[in-house]
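J.: Here's the letter readout for the chains.
There are 2 protein chains.
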Amino acid sequence: MKTTRNTAAKTAVLEVFEKSKTALSHTEIHKQLNDLCDRVTIYRILDRLINEDVIHKISNLDGTVKYAKCNHSHQRVHIHNHAHFSCENCHEITCLETVKPSYIMPHNYKVNEINFTLSGLCPNCLNSNI
Amino acid sequence: MKTTRNTAAKTAVLEVFEKSKTALSHTEIHKQLNDLCDRVTIYRILDRLINEDVIHKISNLDGTVKYAKCNHSHQRVHIHNHAHFSCENCHEITCLETVKPSYIMPHNYKVNEINFTLSGLCPNCLNSNI
DNA sequence: TTATCAATTGCAACATTGTTGCGTTTAATT
DNA sequence: AATTAAACGCAACAATGTTGCAATTGATAA
Numbered sequence: 001m002k003t004t005r006n007t008a009a010k011t012a013v014l015e016v017f018e019k020s021k022t023a024l025s026h027t028e029i030h031k032q033l034n035d036l037c038d039r040v041t042i043y044r045i046l047d048r049l050i051n052e053d054v055i056h057k058i059s060n061l062d063g064t065v066k067y068a069k070c071n072h073s074h075q076r077v078h079i080h081n082h083a084h085f086s087c088e089n090c091h092e093i094t095c096l097e098t099v100k101p102s103y104i105m106p107h108n109y110k111v112n113e114i115n116f117t118l119s120g121l122c123p124n125c126l127n128s129n130i
Numbered sequence: 001m002k003t004t005r006n007t008a009a010k011t012a013v014l015e016v017f018e019k020s021k022t023a024l025s026h027t028e029i030h031k032q033l034n035d036l037c038d039r040v041t042i043y044r045i046l047d048r049l050i051n052e053d054v055i056h057k058i059s060n061l062d063g064t065v066k067y068a069k070c071n072h073s074h075q076r077v078h079i080h081n082h083a084h085f086s087c088e089n090c091h092e093i094t095c096l097e098t099v100k101p102s103y104i105m106p107h108n109y110k111v112n113e114i115n116f117t118l119s120g121l122c123p124n125c126l127n128s129n130i
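Residue numbers (this note's numbering), protein chains in the order written: chain D, 1 to 130; chain W, 1 to 130.
Heads up, some of the hints might be wrong.
Note: identical chains are not told apart, hence a pair may lie in one copy or across any two.
BS3-like mimics (lysine-lysine), calculated; alpha carbons at most 25 Å apart, straight line [stated by the list, open to error]: (1) Lys57 - Lys21; (2) Lys110 - Lys57; (3) Lys110 - Lys21; (4) Lys2 - Lys31; (5) Lys57 - Lys100; (6) Lys69 - Lys21; (7) Lys100 - Lys31.
These aren't lab readings, by the way, just hints derived from the structure by calculation. The model shown is predicted, which means the values in this text are computed figures rather than measured ones.
Hey, can you work out the whole structure from these sequences and the hints?
T.: This is the structure in structure tokens:
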């Protein structure tokens, strides 16, 4: 079986996630790491972390992709059925762990995963009256 | 004010949408048009059609972007708050006009737009037992 | 501690997707 | 038919993500 290693780069990426309250793009992570490792390496680390279920990937309405740490509640099967909020002003993306949509599906569909993203103004930007 | 023109390319793009039951990517449209016009022109036509509220843009979980015709119900303000289904097997994306999620937001957020995408197996692929 | 070896990395090269500037063409109007 | 701004083609660029391969390194066993 495949073993996974704790490398300096992987640890550094995890620290960046730990420090951040919002989801991060590949570019943002790369900048924060300040050339500690190659661009490609970050892509590969992100792939591994997703596989290990440590982070999850978020596709935004505008086509940008971000990543955020998973908040496991010790579920056996970990499904990211929470919502994400994308601020149109500051472009920050946050996980709304408490917001879970309810919906009724037509028959004959098998749903494995859902992606629920809301966009608008986050509390910070709403208060700034922009 | 800006006027918008009916060009051969725009008409052709609209026909492609008309014929398709599923959402289409830029690449898929380009292929179907078979070099009738430039790649860039298609991007510009799509932009215009979105502005005119004729089509809408769908960002998929895997980062791919597709476009689909809008099904107006003569609302004054047209909001795309319906769900999209993305099949993991055939990669087709369809609008589920009838599926509208209900959810409760924390205070202090202003929601302007929502994106609700479900992925799994569509009826076709589910029946094929894949 | 050292040898081993697969996992990981860096680099270069490439693919895809989307954007911009600019000179030319064309649809709609007079 | 003349006008003119919208739309177009082309070339060039930017951003994002992928792949192959040789070199490096973390974890394990000797």
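J.: It remains to establish, for every hint, whether it holds in the given structure.
T.: To see whether the hints hold, each was checked on the structure:
1. Lys57 - Lys21: within (15 Å within a copy, 28 Å between copies)
2. Lys110 - Lys57: both (21 Å within a copy, 23 Å between copies)
3. Lys110 - Lys21: This pair counts as between: shortest inter-copy Cα distance 19 Å, intra-copy 33 Å.
4. Lys2 - Lys31: neither (30 Å within a copy, 40 Å between copies)
5. Lys57 - Lys100: both (17 Å within a copy, 23 Å between copies)
6. Lys69 - Lys21: within (9 Å within a copy, 36 Å between copies)
7. Lys100 - Lys31: neither (32 Å within a copy, 38 Å between copies)
Hints 4 and 7 from the earlier list are contradicted by this structure; the remaining hints agree with it.
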